[in-house]
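Okay, here's what each chain looks like letter by letter:
There are 2 protein chains.
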Amino acid sequence: MATVKRAPAGAAVLRGDITVAIRNAVMQELADVGYGRLSIEAVARRAGVGKTAIYRRWSNKLEMVLEIVSDVAGRSVPLPDTGSFAGDLQLLMLIVSKALQHRIASQIIPDLMAEASRNPQIAETLQKALRTHQQAVGDKLIGQAIARGELPEGTDPEVAVDLILGPLYWRLAVARTPLGDDYLEKLITAVAGALRASS
Amino acid sequence: MATVKRAPAGAAVLRGDITVAIRNAVMQELADVGYGRLSIEAVARRAGVGKTAIYRRWSNKLEMVLEIVSDVAGRSVPLPDTGSFAGDLQLLMLIVSKALQHRIASQIIPDLMAEASRNPQIAETLQKALRTHQQAVGDKLIGQAIARGELPEGTDPEVAVDLILGPLYWRLAVARTPLGDDYLEKLITAVAGALRASS
Chain A
1 MATVKRAPAG AAVLRGDITV AIRNAVMQEL ADVGYGRLSI EAVARRAGVG
51 KTAIYRRWSN KLEMVLEIVS DVAGRSVPLP DTGSFAGDLQ LLMLIVSKAL
101 QHRIASQIIP DLMAEASRNP QIAETLQKAL RTHQQAVGDK LIGQAIARGE
151 LPEGTDPEVA VDLILGPLYW RLAVARTPLG DDYLEKLITA VAGALRASS
Chain B
1 MATVKRAPAG AAVLRGDITV AIRNAVMQEL ADVGYGRLSI EAVARRAGVG
51 KTAIYRRWSN KLEMVLEIVS DVAGRSVPLP DTGSFAGDLQ LLMLIVSKAL
101 QHRIASQIIP DLMAEASRNP QIAETLQKAL RTHQQAVGDK LIGQAIARGE
151 LPEGTDPEVA VDLILGPLYW RLAVARTPLG DDYLEKLITA VAGALRASS
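From first to last, the protein sequence lines stand for chains A and B.
One point on numbering: in UniProt numbering, the residue at position 196 of the first sequence is 196, and numbering is uninterrupted.
One point on numbering: in UniProt numbering, the residue at position 36 of the second sequence is 36, and numbering is uninterrupted.
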């Protein structure tokens, strides 16, 4: 059996801890001041590390933010699999509405979207993360519903995903209007109706 | 008849021209560098005026941007009135999709949304503009469709407006995915179906 040389476990843990501390500091700073005003100094101060600890990992602010955001966005959200399309749709819309009401998400997403409109690298990273997630929703939820005969054969997964995510994003992240008592229930009924009518 | 004292017409026109030049410069700067990095100096340079011309009108950057953006957002977009809900919906979604693909809108809106998450005054101004527009759409389009018997009595205008604006905003301003050939047509069919099923 080949033996593998390892760094002492303590050092690895410490190095990992520092990375976690920096990642959390970046997310907090993004929420508080936004990408434009985020500084390596402030991230280091908040993480309780020296600036060299950051420059050892990333060569500049853009690289640091892109890697951390891709990483956070890429942790795949588990997709609901309740056995029926009605159940999956309800659970997914509940998860999305909770996520969009989270302080960190509700401040970081619009800020990075704004940067994306001026910075092609940020745009590409975000779009890749979004599209991967969108495709997963489209392929799995809509695909399964078609296979079960709950949605028509010709249902367009792109239209479906936009109908599921768009209204909640618009209301919570753009218009920033709180969901009323029976809003979510009405929206779910409407979206289910839309998808049955969509082809 | 009372006589009204007026400034010479030439001066008024010139003053109006300068305001227009400043307004255009603010919108261009917002699109290019965003609110956070926008400076009075750059606006003055782009408008071809002195900084005093700006400070004569507004006491600071926030006040200037809020007044100009409210003004632009407040110019009421004419709502479609084609005589049928299907026609109104189609025309409205076409107008919204064109507007969201306009360079200025697609850069300024996400940027101000991002600022809004950190600045309550910006948030309030934007939300007021958005809600006024949303309510106009809900009251007129949905109200008329209910009156004509094209939508069920209980149709919720808030859910309806979110379904009309959300998917397009999500796709064009967030995921930034181009509309495919028959995307808009499919989305319109789906939204019409959603609204008929929504109550």
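To be clear, the hints were calculated from the coordinates, so they are not data collected in a lab.
Some hints could be false.
Which copy? The list can't say, so a pair holds if one copy fits it or any two copies do.
Unchecked claim - Computed cross-link-like contacts, DSSO-like style, restricted to lysine-lysine with a CA-CA straight-line distance of at most 27 Å:
{"id": "1", "residue 1": "Lys128", "residue 2": "Lys186"}
{"id": "2", "residue 1": "Lys51", "residue 2": "Lys128"}
{"id": "3", "residue 1": "Lys61", "residue 2": "Lys128"}
{"id": "4", "residue 1": "Lys98", "residue 2": "Lys128"}
A quick note: this is a predicted structure, and the numbers were derived from the prediction, not measured.
Q: Check Lys128 against Lys186 for me: Cα-Cα at most 27 Å, and say if that holds within a copy, between copies, both or neither.
A: Between. Shortest inter-copy distance 24 Å satisfies the 27 Å Cα cut-off; intra-copy 31 Å does not.
Q. Given a CA cutoff of 27 Å, do Lys51 and Lys128 count as a within-copy pair, a between-copy pair, both, or neither?
A. neither (30 Å within a copy, 42 Å between copies)
Q) 27 Å Cα cut-off: does Lys61 pair with Lys128 within a copy, between copies, both or neither? A) within (20 Å within a copy, 35 Å between copies)
Q) What label fits Lys98 with Lys128 when the C-alpha limit is 27 Å: within, between, both, or neither? A) both (22 Å within a copy, 24 Å between copies)
Checked against the numbered hints given earlier, this structure breaks only hint 2.
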